[in-house]
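Trainee: Chain by chain, the residues:
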Amino acid sequence: MELKFPRAIRKDLNFVTRFRLNSRLPIRCARWLRLLGLLVAIIGLARADAPDPDPQVNTDPGTLKTLTLEQLSQIEVTTPSKEPVKAFQSPVAIYVITGEEIRRSGATSIPEALRLAPGVEVARIDSNKWSIGIRGFGTRFSRGVLVLIDGRTVYSTLLSGTYWEVQDTNMDDIDRIEVIRGPGGTIWGPNSVNGVINIITKDSKETKGMLANMGGGNEQQGFANFRYGGGNGSDFSYRFYGKGFTVAPEEHSDNRNFDDWRAAQGGFRMDWNEKNRSSLTIQGDFYEETAGESVQAVTYTPPYSQIVDANAALSGGNIMARWKKTLSASDDIQIQAYYDRTNRYEPNFAERRNTFDIDFLQGLKLPWRQQVSWGLGARFSLADDIEVVSGLTFLPAKRTDQLDTAFVQDEIGLLDHRLSLIVGTKLVHTNFFGFGFEPSARLLWTPNQKETIWAAYTHALRTPSDAEENFYLTGYAGMAADGTPIFARFNANSHFAPEQLNGYELGYRRFLGKDFYLDLAGFYNHHHDLFDEEITGGIYLEDNPAPVHYLLPAQFGNGLLGTTKGFEIAAEWRLSPVWQLKGSYSMLQMDIEKAPGSLDVGTAAGIVGSSPKHQISIQTDFELSKTLSLNFTYRYVSALPAQMVPSYSTGDARIGWRMSRAFELSLVGQNLFQPSHFEDGGDPGPLVGIMRSGYLKLTWRR
Amino acid sequence: MAQQGVRNPAILLALIMGFGLAAPGPLRGADESLEYQVKAAFLLNFIKFTEWPPSAFTASDAPIFICILGADPFGDALDQVIAGESVNGKKVAVERLKRAPSAKACQVLFISKSEKNIDKILPALGPGVLTVGDEETFIRGGGMISFVIENRRVRFDINQTAAENAALKLSSKLLSVARAVEK
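For the protein sequence lines, the chains are A and B, in the order given. Quick note: the first sequence, position 67, residue 67 per my numbering, numbers continuous. Quick note: the second sequence, position 42, residue 42 per my numbering, numbers continuous.
It should be emphasised that the hints constitute simulated quantities derived from the structure, not laboratory data. Owing to the predicted nature of the structure, the values given are computational and were not obtained by experimental measurement. Mixed in with the good hints, there may be bad ones.
[To be verified] Straight-line Cα separation of at most 16 Å, EDC-like style, residue types lysine to aspartate or glutamate; simulated pairs: (1) B:K113 / A:E274; (2) B:K169 / B:E150; (3) B:K98 / B:E85; (4) B:K48 / A:E70; (5) B:K90 / B:D61; (6) B:K169 / B:D61; (7) B:K173 / A:E70; (8) A:K208 / A:D235; (9) A:K398 / A:E387; (10) B:K116 / A:E274; (11) B:K113 / B:E135; (12) B:K113 / A:E70; (13) A:K208 / B:E150; (14) A:K626 / A:D600; (15) B:K113 / B:E85; (16) B:K91 / B:E135.
In isolation and in its complexed conformation, chain A is listed as follows (with noise of 0.2 Å):
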């Protein structure tokens, strides 16, 4: 007898895997992108000639001098972390989305905004959830994607994964969204496979004063967000603030508008700073969410199953501290400790999820050249799984989940610091498998100050979660001739490994004459011990849980391996001051198959056909006037079989008027291509249509 899953519960299966986390503290390295602004603005400013290693031929003091106080007032001078070349000269695959690239794209939520990277696969379900990936994985809760929060992890032990929609800020407060393509495990931790999402917000040193804005339109229904910064002037700063929206359900052919959303949130963050010699900061967020969704509630007694369209009451809150202490120059250490509350009520399941986390990380210098850094981390989740419906329960309901980690990590320059090699490694330890490590070697070549080469291997690791050790996740196949109901379930496996990636990258970035820059980087990795989905026996009669049943019993297991290889182009082109193009283009190549002996039931498709082969990504911004900008986007995804989604080309588009100092108006069009597409499937029931939707917003500051 073949047995089909219902879609929705193969799509959750699907989804169910992932890891839990390590936080790292926010990478402070720079990005390339406020370097070519840099640098852009200095050529633009002073007509030196191309970029040249020689900083005082690059700035003309005599083009500088010309300018009026209003317009020296304008000139970026710094970049947050002042560090314009780190990511230029990093030896992995980052893209640096800036807190003004956020601005002018419109975007009005992370997820949103993650669209801006090359690399990313960003597919919205529906209105409150997407399906985010990073050279292939593309799921709801983002598989093997480490995510943080100014250095908070933000990624879920309960099913190695993001829940996205509860991930937020005041958007004007986010300084920059590091995304790294590619494993990043020896620093970042035991999630990082596929990559890192770095969300960074500003000091609170440059947030002083009132912002505040408010806006509407057919899918943004209605916003507001509000911000008040203010300090002693010298050595202590403050923010909070706080914001709140509607959003209206997308489309659905079915008419079920279950995904409604509505979300509150507020937070403070408060920094001391002490000659730059030491630095305290101390920030928290709580939020309170209602978001509308439709999930398969599956019981042992009748009606068996069904698709239950309600809402979700989500919320949480979290306080850090962070202290960072400089001891020389180049003997730096850093503590930071933080807990988070997440509170899932969903139609089907429920979690209350307690997370302690602790860091020490130091930097120091040694003979020979070398730059070494070493940590240790510690992090207690604790969860307590309440059951709504019988078809989804975890046992123990309760439980404490602990991972250690400790890394060392060696950067020893060679030849005259043209040439630099980087090792480490990351000791992990959990409750879920012992130990385990993951090494990584950096090769890194800089011949000149316009180009860049590097090479990397990583051995990146996926921790299991408690969805794949005491998770059971049931489904209904039907009935049976004789009337008895029969039920396929995922028990817990408590002998789930650790996914494993064995990473090559090569990259190479430069700048091709004063205004274009080109970033490229390939990679093949070797994955295995990867998530599958398997039969483990035949089907039997089964009591307990009563009523009477047949059971297929199948478990969650490592059973595929495979590789996956691709490249990412990304180029910034400054074709005028006022007129700047980035375009990027990915291609990925999955091969994902059953390893030997493998019960595999079809994963692997469905692992596969959920993330696109091709995206193509250009943004364009013009300044028309000082007060008018307008900017437009555009992106292609190929189609992703596994959630039946065609092929889709879309673009957004914003112009800004910033109609006085106090005052800007700006009016943000997004998916105007068609009424609507689809992205992805992630929703029982037929696809759900991603609108075109527009909102106008008055922002206020002082």
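Please arrange chain B on chain A, whose structure you already have, making use of the hints.
Mentor: Frame of chain A; chain B shown alone:
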């Protein structure tokens, strides 16, 4: 300033993260040098928008001296900005000082971050010296103009009372561009 850059914990963190060490110095310098090139251009503008009493000069044809007290963060930038410049018929010149200036020696005194005894230096200055500091707190200690970095841009705050007490008249243009004016 290179020193300062490395001391920034953020930079160290970047090094820690393994993306840093190979970054050659010059570009990092470029970043900071831009900041001080802009500040140098501001200093020239401050002169244009400030009125000194005749008593602030040793002679009617004496240049306007911009003095730098403490470690010089400008490099050549300030010299290049003022090269060939004259304001109201007066040449502009740069002096680098090791200790507090004597009367009428400086019309603009830029006190760098390295200077520890700002609170002792300021009261000892006579009238006619426009004092500019590199830290936000400078104007609260009796200084007249503080450079501040806000949203990655160079801005400045003004203590108008301090300027008036020193017989200096700051134009309304300068006051209007300032981020904050204390009275």
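Trainee: Hinted pair, alpha-carbon criterion (16 Å max): K169 (chain B), D61 (chain B). Please report holds or violated.
Mentor: violated, 20 Å
Trainee: K173 (chain B) and E70 (chain A): Cα distance at most 16 Å?
Mentor: It holds: about 10 Å lies between the C-alpha atoms, which stays within 16 Å.
Trainee: If you draw a straight line from the CA of K169 (chain B) to the CA of E150 (chain B), is it 16 Å or shorter?
Mentor: Not OK: K169 (chain B) and E150 (chain B) at ~26 Å, beyond 16 Å, violated.
Trainee: Check the hint pairing K626 (chain A) with D600 (chain A) against an upper bound of 16 Å on the C-alpha distance.
Mentor: violated, 60 Å
Trainee: Would you check the hint for K113 (chain B) and E274 (chain A), treating anything up to 16 Å between C-alpha atoms as holding?
Mentor: Roughly 13 Å separates the two Cα atoms, so the pair holds.
Trainee: For the pair we were handed, K113 (chain B) and E135 (chain B), check the Cα-Cα distance against 16 Å.
Mentor: holds, 7 Å
Trainee: Going straight from one Cα to the other, do K113 (chain B) and E85 (chain B) come out at no more than 16 Å?
Mentor: Violated, at about 26 Å.
Trainee: Is the hinted pair K116 (chain B) and E274 (chain A) satisfied, with a Cα-Cα distance of at most 16 Å?
Mentor: Holds: K116 (chain B) and E274 (chain A) sit about 15 Å apart, inside 16 Å.
Trainee: CA of K98 (chain B) to CA of E85 (chain B), is that 16 Å or under?
Mentor: Violated, because 25 Å separates the two Cα atoms, which is more than 16 Å.
Trainee: Run the distance test for K91 (chain B) versus E135 (chain B): straight-line Cα separation, threshold 16 Å.
Mentor: violated, 28 Å
Trainee: Hinted pair, alpha-carbon criterion (16 Å max): K90 (chain B), D61 (chain B). Please report holds or violated.
Mentor: With a Cα-Cα distance of about 6 Å, the restraint between K90 (chain B) and D61 (chain B) holds, given a limit of 16 Å.
Trainee: Is the straight-line distance between the alpha-carbon of K398 (chain A) and that of E387 (chain A) 16 Å or less?
Mentor: Holds, at roughly 11 Å.
Violated hints, in rising order: 2, 3, 6, 12, 14, 15, 16; the structure is consistent with all others.
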